Amino acid sequence: MRVVIAEDLYLLREGLTRLLLAHGIEVAAAVASGPELLAALLAERPDVAVIDVRLPPTLTDEGLRVALEARRQVPELPVLVLSQYVEQLYARELLIDGAGGVGYLLKDRVFSDDQFVDALRTVATGGTVLDPEVVAKLLRRRSAEEPIAALSPREREVLELMAQGRSNAAIAKRLCISEKAVSKHSTSIFAKLDLDPSDDDNRRVLAVLAYLNG
Amino acid sequence: MHWTIMGAAVLGGWAACMIWFCLVLVRRIRAAEVRAMPMLRWVGHAIADVFGLPAATAVADLPGRHAYLLPLALCLIALAVWTFAPRGLTRMAVPVALIGLGIAGLLRARSYARGEPWPWPSSYGFATGTGGSLGTYLELVLIQSYGFVIAGLWLACRRLDHNSWPGRVVLREPARRSGNRADRPRWGLLLIPLFGMVVELLGRTSWLDFYWWDATLTMAVGAAAVIAIIRWPAVAADAAVATLLLFGLYGLALAAGWPRHVPLPSPYNDVVRYGVVWVNSRSSSVLAGVEGAALVSFGLWLLPRALDDRTRTLMRSAADAELAGRVVRLTRTRADALDTAAAELRRVERDLHDGVQARLVALGMSLRAAERLIPVSPAAAACLVAEARETSLTVLGELRSLVRGICPPVLAERGLADALRALALDAPLRVNMDIDLPGRPDLPVETACYFAVAEALANVVKHSGAQQAHVSVKHSDGALRIAVTDDGQGGADPKRGSGLAGLERRLGTFDGVLAVSSPPGGPTIIAIEVPCALSSPKISIS
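The listed protein sequences correspond, in order, to chains A and B. Going by the working numbering, the first sequence opens with residue 1, and the numbers climb by one from there. Going by the working numbering, the second sequence opens with residue 1, and the numbers climb by one from there.
What the hints contain is simulated information worked out from the structure, not anything from laboratory work. Since the model is a prediction, treat every value here as computed from it, not as a measurement. One or more hints might be untrue.
[Claimed, not checked] Here's a subset of chain B near chain A, in silico, CB distances under 7 Å, partners left out: (1) 321; (2) 347; (3) 349; (4) 350; (5) 385; (6) 393; (7) 396; (8) 398; (9) 409; (10) 422; (11) 425; (12) 474.
C-beta atoms are modelled at their ideal positions from N, C-alpha and C, and glycine is treated no differently.
Kindly generate the complete structure, drawing on both the sequences and the hints.
In structure tokens, the structure reads:
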């Protein structure tokens, strides 16, 4: 797997490069600014890009803009966007094309390198990974008024993990229940939310998000 | 044949003048030369600049038989001056020309009264000199002459108004009545015609009769008057008013027949020359009384407007009170702004001290303990390191919320519109957004407005029991206008909580205001208005 990294802080850039190398992932380019990133993405065509939201020269949401621009030029180019904070607004902008291959995580998640690399691989294969904090916000927002209130606590847990891009197997492991139970829960969730059940992880996540954001 | 060609040439000349005038006018309006005053007024000035002098000449009938040729020539000259000369020169050209026309009329009256020959046609305006009595002709000429002088002076006064002068800083002040300091030099100009009238009255012969002593004395007093007008405008204004009153009273006395017992030296056959009216009979003394009454009325009208500075301070109290109120408000909002900033800093300091710093100490201690444990018990050490990692996550979370409280990242990155959209997405109830902002306000204004809306929405969530809220943001008439409406139970009292008062103070720093309407039963509307300009629009992805 080939990766392009965009991060303006030298220490973090080097740290990320080393972390990925340690997991046997090839780093095609590590850049420090928005224009360099766009050039690298178009030249290298990596399997996935790890992008910090705030990049020079504007030091605003340059990374996010470049990621969206690159996906416009290279459809379905997988991007994993990292940030010191997460916003539903940005998550929506990343997800709006419905193509998948999108990740949006807090930088803190890098601490758990195994999970981080898992997320990276999910995104590279066209999956969708959202930070638990974004997912929690999404669920909190609608909980008061909508059919989501009809979900049992367990079903809510399953839904949260689903929105984070986890497969049934991963959810089963995390909640210490059988995979069969997970699929039972998810069928029930889809029924309650009136969604089309599907085995495809990405489509599943997008369906949930589309419903929540509706 | 000759007259046909002549008429065609004159008409063609006028048409050319008009076209020239319109072309330059349009070009100047396009070049935004009109910013110092309203455009209609400016166009009026331009018309007066170009056509005032020819029109006045035509009215005075100075050219006589060659009617329209002299006005046409003057119009060409005025157009040239108006088009090419510095603006200051143009401004004074018409008033000076009007005064000149008036003086020409006075000279004509003088030479007529003396029976001296006169080079120009005998008509002056509507005084034709052919019919009626000679006395009537003289009166008509005098009335028109003074009319021209007064019109010229009035125009000069108007144009001495500092806003009309090019190159000056234009102060946009609220509309003011006359009578304050800025207007005083104008009244001083009245000294000049008054001085002329007094000289006439006293019969001390002036500029035409070269009796050396008289001429020198007249010129010295005249020069003193001019210097006074320029150097001490306030004194000149007071002197002008005093002279006006005394001169007017003298006219009333004339009507009462008093000066018959005080013979005045006069070279003109017992004629008392009182301004427009030359008194030599009972009926003309009545006219002098009328003129005197008019002058006294004018003087009385002027009196409160040209009094000393102490009186003027009273007259100006409205404007001063407005300024004083502004100073009080600025002082208060500045103090509020400093207090708010200081309180904010204290909060940040406390959060850093109690949260981040303490946790970093704990982190260091855990790492040190792990360091010691590594040789002894690697498993326990790993446990401690994992704990340290958890602590670092907590620290990051705390820093995140701290940063959000200072300046939300979306606000810094995207501006108010997207920051409010993000706020609406995070709110636990449905918030409809209606944002129409073509650009971005300054960051401090954006921040204040953002926190105002955030606080308002938090109140909606906490107190109103509303199902949904509506936020509308727009910029019109130089102000950012925000309204937060909810469908809750209403009854919010802005005096009770400290939140709204704090917001009001924070917005007050930018001259912003916050209004709350919350009848029991709802709906609650919070309206915010902050005067501000928008910067150029930024491209936004949404």
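Next on the checklist: Of the numbered hints stated earlier in the document, which are not met by this structure?
Outcome noted: 1, 2, 3, 4, 5, 8, 12
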